[in-house]
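**Q** In case you want the letters, here they are:
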Amino acid sequence: MPLRLERQENVSGLRLALAPLLALVFTLIVGAVMFVALGHDPIRAFGIYFVGPLLDTYTLQELVVKAGPLLMIGTGLAFCYRANRWNIGAEGQYVAGAVVGSWLALVTHGTDAGPWVLPAMLVMGALGGALWGLIPAFLRVRFGSSEILTSLMLVYVAQLGLDYLVRGPWKDPDGFNFPQSVTFDANAVMPLLMDEGRLHGGIILALVAVVVATFVLGRTLVGYSIELGGSAPRAAAFAGFDERRVTYGVFAVSGALAGLAGIIEVAGPIGNLQPSISPGYGFTAIIAAMLGRLHPVGIVVASLVLALTYIGGEAAQISMRLPFDVTRVFQGTLLIAILAADVMVRYRVRRVEGTSHA
Amino acid sequence: MRKILSMAVAIAAGLGLAGAAATGALAAEKLKVAWVYIGPVGDFGWTYQHDQGRKAVEKEFGDKVETTYVENVPEGPDAERVIEQLARAGNKLIFTTSFGYMEPTLKVAKRNPKVFFEHATGYKRDKNVSTYNSKFHEGRYILGQIAAKTSKTGTIGYIASFPIPEVISGINALMLGAQSVNPDIKVKIVWANSWFDPAKEADAAKALIDQGADVISQHTDSPAAMQAAEQRGVKAFGQASDMINFGPHAQLTSIVDNWAPYYIERVKEVMDGTWKSTDTWSGMKDGEVVMAPYTNMPDDVKAMAQATEAKIKSGELNPFKGPIYDQTGKLVVKEGEVLPDKGILSMNWYVKGIDDKVPGK
Chain A
1 MPLRLERQEN VSGLRLALAP LLALVFTLIV GAVMFVALGH DPIRAFGIYF
51 VGPLLDTYTL QELVVKAGPL LMIGTGLAFC YRANRWNIGA EGQYVAGAVV
101 GSWLALVTHG TDAGPWVLPA MLVMGALGGA LWGLIPAFLR VRFGSSEILT
151 SLMLVYVAQL GLDYLVRGPW KDPDGFNFPQ SVTFDANAVM PLLMDEGRLH
201 GGIILALVAV VVATFVLGRT LVGYSIELGG SAPRAAAFAG FDERRVTYGV
251 FAVSGALAGL AGIIEVAGPI GNLQPSISPG YGFTAIIAAM LGRLHPVGIV
301 VASLVLALTY IGGEAAQISM RLPFDVTRVF QGTLLIAILA ADVMVRYRVR
351 RVEGTSHA
Chain B
1 MRKILSMAVA IAAGLGLAGA AATGALAAEK LKVAWVYIGP VGDFGWTYQH
51 DQGRKAVEKE FGDKVETTYV ENVPEGPDAE RVIEQLARAG NKLIFTTSFG
101 YMEPTLKVAK RNPKVFFEHA TGYKRDKNVS TYNSKFHEGR YILGQIAAKT
151 SKTGTIGYIA SFPIPEVISG INALMLGAQS VNPDIKVKIV WANSWFDPAK
201 EADAAKALID QGADVISQHT DSPAAMQAAE QRGVKAFGQA SDMINFGPHA
251 QLTSIVDNWA PYYIERVKEV MDGTWKSTDT WSGMKDGEVV MAPYTNMPDD
301 VKAMAQATEA KIKSGELNPF KGPIYDQTGK LVVKEGEVLP DKGILSMNWY
351 VKGIDDKVPG K
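The listed protein sequences correspond, in order, to chains A and B. Here the first sequence is numbered in this note's numbering, starting from 1 and rising by one per residue. Here the second sequence is numbered in this note's numbering, starting from 1 and rising by one per residue.
Note that these hints are calculated values from the structure, not bench results. Treat the hints with caution; some may be incorrect.
Claimed, not checked - EDC-like cross-link-like pairs, simulated, lysine to aspartate or glutamate; straight-line CA separation at most 16 Å: (1) B:Lys64 x B:Glu265; (2) B:Lys107 x A:Asp195; (3) B:Lys188 x B:Asp63; (4) B:Lys124 x A:Asp172; (5) B:Lys285 x B:Glu316; (6) B:Lys32 x B:Asp272; (7) B:Lys32 x B:Glu66; (8) B:Lys92 x B:Asp355; (9) B:Lys30 x B:Glu60; (10) B:Lys268 x B:Glu29; (11) B:Lys124 x A:Asp174; (12) B:Lys114 x B:Asp126; (13) B:Lys107 x A:Glu196; (14) B:Lys30 x B:Glu66; (15) B:Lys110 x A:Asp195; (16) B:Lys110 x A:Glu196; (17) B:Lys186 x B:Asp356; (18) B:Lys124 x B:Asp279; (19) B:Lys64 x B:Asp272; (20) B:Lys55 x B:Glu71; (21) B:Lys342 x A:Asp174.
Said to hold, decoys possible - Residues from chain B that keep clear of chain A, each with C-beta distances beyond 12 Å, as calculated: (22) Lys92; (23) Gly100; (24) Pro113; (25) Lys206.
We put the CB at the ideal spot given by N, CA and C, even for glycine.
Please work from the sequences and hints to get the whole structure.
**A** What follows is the structure in structure tokens.
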């Protein structure tokens, strides 16, 4: 008796909203079984994992600091993915932005250049990311090469470029040959928003990006052309939308936001340029974009949830001595559950009659 | 009767509470010590050995300490949060065990002046931040001698991680040891650009073997290269821990990091209130760099290795004793002189005979 997945035409908003909740419940059940198997009280474990980080101002700030780059990059990726352009290389655009923006911080180091340095760094970071993102767009438009491959491979190029710079020309001359740049001057560092903690001005920029993206994607002709180009390219062509312009546009926006996230992170929590400036933000942001259903507000929520699993995972390691792998299992389960719930809501399983009765 | 019973209950409850209070007081006296690891504790290399040190602290002090660790912490923005969380969780002594934790450790230390920090392999210190490292290059000199005696092709393969001074000085020490046995020895280097990436490490080992290397040395943390050497029937040196189980026929010896003496000493100093910010660089004679048993080699090679080990321990032999020439043939360390520690800690040049270029130079 073969089974077939069939797409349902009219899915109610209620069911769509319930799907992530269902997934969360499923994840919690799997988690509870896992904690019991490991010999821990599941209620206490969940408390440490998901509730504890929300009760303390320091960890709350950290949650936002960690989610900031995810939601910024994820919002940019929503432009690409809605248009059916698969930018997998946000990590590289993040690095490119960080490198280009940092250049200014390094040339003005020790010169007392004035307060314009940081804003200029941010602009340059966004430009650097956008230019890096435009390379796969150009290759796709000009030569028809797969942007999935080219954007991904450019990640390694960017990382190796950064590696070269911090080990070579941009190395701190007083740093015993260790691979890192000088620490940025005060005028090249993101301002902090609170007296205690690491919450910095970058998060405001991230939220502005989310608001603007929500408006552009939902309420403008540009957003419509992106959406239409992705779901019905022929119709979009008949409507007079230029496919190439959409490709360049979405890659530029996505690259710019990733680059901005990169320079904010370097000028913010890190404070100098070093070989490792990202714990895989560009890749995790892909998950955030998908979990958030390519809607900026959804991506904000998804980024916060992902950040919570990291910070809760660290708390669980510290206070319950749970291994790091538990965090990974959690993240994996959540992801699979959400995707599965999505399929269950949008599709239904039907028996295919007749074929097995031969 | 009832009254007596309830009184008894009250007394019992009171005793119970007193007992609880007493254990509470005891718990408060426990010194909380934490470690931050770059890899998983099961890497059988760098992190594994640090965790062995942590376990030694637990064993030494028993109920008087409570230890915690966080594994797989990426160098970069996440590290600062983890270190801060550990400080906030009441840890009084925190060991951060990777070079890239240097800036985050210093930042957290500034905000938590009453917590003591210990950063492995770095060079920046503060009132409450010490640094510590081991002279692994001492062991690598012995590896070089063994490799030169063992290799039939005259080529040693070297899987390097990052071109930082610690790694460069390791390559140089191995080469100097090898040249002391065979002046024409060659060393081929592959950069993994990672401390822990088993797949890449295994690929690097295979590539080196294909290029004619028949002794593999590594400065990366997993036993993957050892396993590759075992499969291909060549010899290899373990890294950080004794990897004999991964290469029963391949392992010649291994440089074992023994952090236990240092960790026990520092924990004791915090307990006694004598902890001070220091820069510690211990080696073989302090028992921090330990050679795993010499295996899979003829007796004369073993005897040579043991003799060199004894000379290094007694101070008679220093791997970086002149004359040492760099690649261009320039005399860097004069006859009879010894390269000072500062020169080793900032090394970014290869000794004569290494047919390669320092990356990024």
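**Q** All hints are to be evaluated individually against the structure, with a verdict given for each.
**A** Hint by hint, here is what the structure shows:
1. Distance restraint check for B:Lys64 and B:Glu265: the Cα-Cα separation of roughly 14 Å lies within the 16 Å cut-off, and the hinted pair is therefore satisfied.
2. For a cut-off of 16 Å, the pair hint linking B:Lys107 to A:Asp195 stands: about 15 Å separates their Cα positions.
3. At most 16 Å may separate the alpha-carbon atoms for a hinted pair to count; B:Lys188 and B:Asp63 exceed this at roughly 49 Å.
4. Our distance criterion of 16 Å between C-alpha atoms is met by B:Lys124 and A:Asp172, whose separation comes to about 13 Å.
5. With a CA separation close to 12 Å, the supplied pair B:Lys285 and B:Glu316 stays within the 16 Å bound.
6. About 14 Å separates the Cα atoms of B:Lys32 and B:Asp272, which keeps this hinted pair within 16 Å; it holds.
7. Under the criterion of a C-alpha separation no larger than 16 Å, the hint pairing B:Lys32 with B:Glu66 is consistent with the structure, at around 5 Å.
8. Taken as a hint, the B:Lys92 and B:Asp355 pair is broken in the structure, with Cα atoms around 48 Å apart against an allowance of 16 Å.
9. In summary, the hint linking B:Lys30 to B:Glu60 is supported, as the alpha carbons are separated by about 13 Å, within the 16 Å threshold.
10. For the given pair, B:Lys268 sits about 14 Å from B:Glu29 by alpha-carbon distance, which is consistent with the 16 Å threshold.
11. Restraint check for B:Lys124 and A:Asp174: satisfied, since their Cα atoms lie roughly 11 Å apart, inside the 16 Å limit.
12. Our distance criterion of 16 Å between C-alpha atoms is met by B:Lys114 and B:Asp126, whose separation comes to about 12 Å.
13. A C-alpha spacing of about 13 Å is found between B:Lys107 and A:Glu196, which places the hinted pair at or below 16 Å, so the restraint holds.
14. For the hint linking B:Lys30 to B:Glu66, the alpha-carbon distance of about 6 Å falls within 16 Å, and the restraint holds.
15. As the CA atoms of B:Lys110 and A:Asp195 are separated by approximately 14 Å, the hinted pair is consistent with the 16 Å bound.
16. Taken as a hint, the B:Lys110 and A:Glu196 pair is honoured in the structure, with Cα atoms around 12 Å apart against an allowance of 16 Å.
17. Among the hinted pairs, B:Lys186 with B:Asp356 is consistent with the structure: their alpha-carbon atoms are about 10 Å apart, no more than 16 Å.
18. Between the alpha carbons of B:Lys124 and B:Asp279 the distance comes to roughly 9 Å, so the proposed pair stays at or under 16 Å and holds.
19. The straight-line distance between the Cα atoms of B:Lys64 and B:Asp272 is roughly 12 Å, inside the 16 Å bound, and the hint therefore holds.
20. For the given pair, B:Lys55 sits about 15 Å from B:Glu71 by alpha-carbon distance, which is consistent with the 16 Å threshold.
21. Restraint check for B:Lys342 and A:Asp174: the C-alpha separation of about 13 Å stays at or below 16 Å, so the hint holds.
22. Under the 12 Å C-beta cut-off, the non-interface status given to B:Lys92 relative to chain A holds; the minimum distance is some 14 Å.
23. Look at B:Gly100: its CB is around 6 Å from the nearest CB on chain A, not clear of 12 Å, so calling it non-interface is violated.
24. With a closest Cβ-Cβ approach of about 14 Å to chain A, B:Pro113 is found to remain outside the 12 Å limit, as its non-interface label requires.
25. For B:Lys206, the requirement that its beta carbon stay farther than 12 Å from each beta carbon of chain A is met, with the minimum near 21 Å.
In this structure, the earlier hints numbered 3, 8 and 23 are contradicted, and the remaining ones agree with it.
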